[in-house]
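Enquirer: What follows is each chain in one-letter form.
There are 2 protein chains.
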Amino acid sequence: MKMMIIGLGLIGGSMAMALSGTPDLEITTVTRNPVSRADALRMGIVKNAWPTPDLAPIEDQDLVVLCLPPDACLEFVKQEAMRLKPGAILTDVCGVKKPLYAAVNALPPHDFIYLGGHPMAGKERGSFANAFGELYRGSHYILTPDASVPQSAIDTMTRLIHAMGCADIIFTTPVEHDERIGYTSQLMHVMALALCDQHLLFDSFGFEGNSFRGATRVAALDPDLWCELFMANKETLADLTDELIRNLSVYRDLLLAGDREKLLAQLKVSSDRKKEFDRLMGIEHSKTTLYK
Amino acid sequence: MKMMIIGLGLIGGSMAMALSGTPDLEITTVTRNPVSRADALRMGIVKNAWPTPDLAPIEDQDLVVLCLPPDACLEFVKQEAMRLKPGAILTDVCGVKKPLYAAVNALPPHDFIYLGGHPMAGKERGSFANAFGELYRGSHYILTPDASVPQSAIDTMTRLIHAMGCADIIFTTPVEHDERIGYTSQLMHVMALALCDQHLLFDSFGFEGNSFRGATRVAALDPDLWCELFMANKETLADLTDELIRNLSVYRDLLLAGDREKLLAQLKVSSDRKKEFDRLMGIEHSKTTLYK
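Chains as they are written, first to last, in numbering that gives the first Met the number 0: chain A, 0 to 291; chain B, 0 to 291.
Everything labelled a hint here was simulated from the structure, so no lab data went into it. Given the structure is predicted, the values throughout are model-derived calculations rather than measurements. Hints may contain errors.
Any copy, or any two copies together, can satisfy a pair, since identical chains are not distinguished.
In silico DSBU-like cross-links for lysine-lysine, where the CA-CA straight-line distance does not exceed 30 Å [stated by the list, open to error]:
no.: 1; residue 1: K97; residue 2: K261
no.: 2; residue 1: K77; residue 2: K261
no.: 3; residue 1: K97; residue 2: K267
Can you build the whole structure from these sequences, using the hints too?
Expert: So, in structure tokens, the structure goes:
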């Protein structure tokens, strides 16, 4: 099987490393960065590398994986996707799924198979220099196949995802994906950013514990990438942020009112929700989970 | 030195375990729980144990450490603190410092030394059953001595804190402590609770990654304890929550306006603040810090 990874940063580079050596799989890549091209070839994780998609043999591929930011994925679909051969699979790793489905559906009739994906793995710092083959170990990998996707394409993706070391595959729709990820990932980033905008940030050395570290860690993000992700899901994310503002306002108002009984009742409601969530997740709070 | 730990839950129990075996230190305890008393004696981490402070030889102690919730600490100060001998040190581990200083200052003239403390360590689940001697390893320990505290008392606390395995001691004032901890700890708990109040919580299995886990972990809290902590710092925490609401509103409004350039500019401001914070903290983002 011929697999081409378009974009060899943290995500694409780690994927090439995780899958190199898989039997009957020939991996090639497209990346603008000449150092990444040279390094990937030297490491033997790709068989060939081109600087731009128009120079690469897209028409020969069985599987093309777009490991690019959302806007660059849209550009590929518009400019290059029609070169894919009948039955070839096109997939991507974007954190927002609706825009790419809309772009594929706007193409002329075609015989390639589009199957959106989203590996739930990453780091604050991107780039091929930070890539490593264990990035996906134990992560969820989300797939959003529509009714047009044949089982054989899902089987192909399943084999590769397991070979990458992922824990499981979550099947959902693009709409549901963008809503849930808006909550579990994008909102966590908005909140981490807002927390770091507080006036006390630089007065807090020595007062920070694990709750602070855990809640603010992802604020050290790549602004260009996250601007694209936020813009591609902006209505959903604005609604979720508004809901968070309302939930925080409940606590602010209870604190201002100074009503101990009502505050205690609300604390019970919220913490019981989290305890029930943890129970359903099968998470056993271990003795070594500290919040220093 | 005779040291009495009042309250043998997670914090007091872990302190007894961490300090047991320290030369020239005799540790006793007061705890209502008969099982904890029996276990602590059997384990040899305390020399004696009483069920209530009024039955315990408070007047013989060189150091009394209140490891109780805030309201119970206030109660001890009002009912029992005047029994402390001249030169004895009274300290506590409360997450809010102003109320206990006010209670001590409201006492008749006395010759014991009050020195507020706050170890930055804990877990979601309290109780002696979850205590362990390594709880404090690598944590900050905050002390808030006022001008009346002699250097000898600070030296005594410093020796014990290092013996517990803490990384360092942060000296500050009660007012500054309550403001900074309001931000780095209490606000993180308010936010984790508010995030768990979102309507999508129970629809998110399989979509959660490390950013979600890190931001929501502490929501599984003890409502009674945190109600006391929040109430004891309610004006400060309400102000901090209001600031967070304003910061989140900036992002909500930028998303609703759909202005990519302004959103990107704000993302740069916020993420640069976090990157500068990390740089100043000397945190090097390591390759193994994932946000799955």
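Enquirer: None of the hints should be skipped; say for each whether it holds.
Expert: Hint check:
Proximity of K97 and K261 under a CA criterion of 30 Å is satisfied inter-copy only: 23 Å between copies versus 41 Å inside one chain copy. Within a single copy, K77 and K261 get their C-alpha atoms only as close as 55 Å, which misses the 30 Å cut-off; across copies the closest is 27 Å, which meets it. In the homo-oligomer, the alpha carbons of K97 and K267 lie at most 30 Å apart only across protomers (26 Å), although the nearest pairing inside one protomer, at 37 Å, exceeds that limit.
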